[in-house]
Amino acid sequence: MKRLATMKKSTRNNLFTYALVIAAFVVVQALRVGPGIGSMLEGQLIPICAYVTMALALNLVVGISGELSLGHAGFMSIGAFAGSAFAMALQDSVGLSPLRLALAMVFGALIAAVLGFLIGIPVLRLNGDYLAIVTLAFGEIIKSIATNVYLGMDGNGLHFSFLNDTMDLSDGGVELIRGPMGVMNSQRISTFIAGFVLVLAALTIIFNLVNSRTGRAIMAARDNRIAAESVGISVTKYKMIAFVTSAALAGAAGTLYGCSQTTFVATRFDFNTSILILVFVVLGGLGNMWGSVIAATALTILPEALRQFSELRMLVYAIVLILVMLATNNPTLRGFFTRLFRREREGADAGVRAVKGGGGHE
Amino acid sequence: MSNKRPETKLVPVPSVNKIPERDVDKSPILEAQHLGIDFGGLTAVNEFNMAIGRTEIAGLIGPNGAGKTTVFNLLTKVYQPTRGTILLDGMDTHNMNTVQVNRAGIARTFQNIRLFDNLSVEDNVKIGMHNAIHSGVLSSVLRLPSYWREEKIAHERALELLSIFDMQDLAGAKAGSLPYGAQRRLEIVRALGTNPSLLLLDEPAAGMNPSETAELMENIVKIRDTFQIAILLIEHDMSLVMGICEGICVLNFGQIIAKGTPTEIQNNPEVIKAYLGGGKEA
Ligand SMILES: Nc1ncnc2c1ncn2[C@@H]1O[C@H](COP(=O)(O)OP(=O)(O)O)[C@@H](O)[C@H]1O
Ligand SMILES: [Mg+2]
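Top to bottom, those sequences are chains A and B. For any residue, its number in my numbering is found by taking its place in the first sequence, counting from 1, and adding 5. For any residue, its number in my numbering is found by taking its place in the second sequence, counting from 1, and adding 9.
Taking lysine to aspartate or glutamate pairs in the DMTMM-like style, the calculated list, with each CA pair at most 20 Å apart, reads:
hint : chain 1 : residue 1 : chain 2 : residue 2
1    : B       : Lys-231   : B       : Glu-212
2    : B       : Lys-183   : B       : Glu-169
3    : A       : Lys-14    : B       : Asp-178
4    : A       : Lys-14    : B       : Asp-126
5    : B       : Lys-183   : B       : Asp-126
6    : A       : Lys-14    : B       : Glu-160
7    : B       : Lys-282   : B       : Asp-246
8    : B       : Lys-183   : A       : Asp-228
9    : B       : Lys-231   : B       : Glu-221
Where chain B lies over chain A, by a calculated footprint (3+ residues, C-beta under 8 Å):
hint : stretch
10   : 208-214
11   : 219-227
12   : 232-238
Hint data in this document are derived by calculation from the structure and do not stem from the laboratory. The beta-carbon is built from N, C-alpha and C at its ideal position, and this holds for glycine as well.
Chain A on its own, in the form it takes in the complex:
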């Protein structure tokens, strides 16, 4: 506890976020082992993890790097399709399902990262809100493409066709992606524990990145482009690093989601989904990761939980929106949470001493 008192505020904030996520996981796991949490919530656990990761990923772009993306559902979609197909293709060669899921997530993340990079090349050199426009188009394009892709596998290897199903699989072949009918998973290998690990990984990647030379350059590019360039920081490069990292995390979240559903279609990841994720980020507070965690969790559970209220549903939803916004963006409340973590802090200016603490969390 004494060390907490001398920590930098951001370090304390990070620890609070880790603690929040771990505590939530422990409580939910304990309930699941014991009395159970009800089938409604049980079914939401993996989507919650996926959306929390999506919110964290988008917060890296919007909050930390200061760019707007309106097509993050597109990266989720890529991850869901590519990851699920990859997992099904590996079914025979990799028996251990957690390992297969991990490989699929890495695959989904890689494909999403490559696409993020390709989008970033022309756009991130420009100064302005071009990324918002291009990512919006990207999300729609991905949706159209994914709706028309047919992918299958049989003894002769992979078969691919576009617009029409001309795969002509031999006996024993499996359809991996079935055009407008989406993906039919023969397996549901995603688990709550895997989701928890992904959220922790996303947090670790983002926090470690932010608190480093790379992160400082990303924030410098966000806060003052001219000043950043004047000290030799290539603004495009660091906006790209943030965007590609975010796309990769979104891809992994997509794989987690895809591998939790018996079946899903491309229209699941449309513009509304992109906006929903942006709402998580804005409600939770730009750059505030625990805010994103809370907002994404609350707003993912809410529509399901509100089914019983029928008519009052939208009203309650709006009220919760406002409450979440107040809770995560309110300085007093933020201060309260922060204070929970520094009971022993004595007077003096935290920052100066924080410096002496070196790098807080080893």
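Since the structure of chain A is provided, determine the placement of chain B with the ligands on it from the hints.
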């Protein structure tokens, strides 16, 4: 200092600037030749010729709107020159952008302060040191030993640089929360973090009280002496300019109207005319 311009064939352009004695045998760190820029129909700077010695403190003065900041923006490639050549340590910066010019050795401060307001003082300095540290994405995300090593060095170096202005105790404060004078000093420290060979200061004493200005003067000389770098400064405070500049260049309506030592400039009728008629500040 002699009154005649030192004979040096290494400064071919008509630079009337006094190259300090200790730099006489060396090539200048910066040479601007026939530099000019037009904004639409407006010629903001024209025929700007200047050479700066390697450890010289030079001044750029002139009435408001004369084009001084524009010269800084040209030297740092925030603007692409319409005409002319910039030689940095003998190297043509024609194909360089702002980032590359900084890596090649020019650092600057801004007339309208441009700090990273939401970040700490220490982080501002570390951002200045960006190219002096090397840990990449992977070593940072995985917190490899090289990350901790680099961060430790960066932390110590940042405090060391801040101590030039006795600001090391402010390391944890938010840059935007600092008083005006401290923000100007922090900009200088951040620029020094880039390890420049030429430091451009745009009105470093603006908004400072006389005692702060006096302290700043001492520190500018101290910075030159410790880092052995050249400094070009824009300033309206004549006590500062005349007190520490070895060569002064006077700009009016984008044209150089005089160059010389402080004494020469103070007695130059053109300069007196420019400042008395038309110019708002002296
Ligand atoms: N980007 C720009 N576009 C158009 N005009 C500009 C631009 N930058 C500077 N100017 C003009 O150039 C002239 C010199 O400005 P400046 O260099 O800021 O003067 P100062 O000597 O006060 O620093 C002014 O007339 C200004 O309006
Ligand atoms: Mg100016």
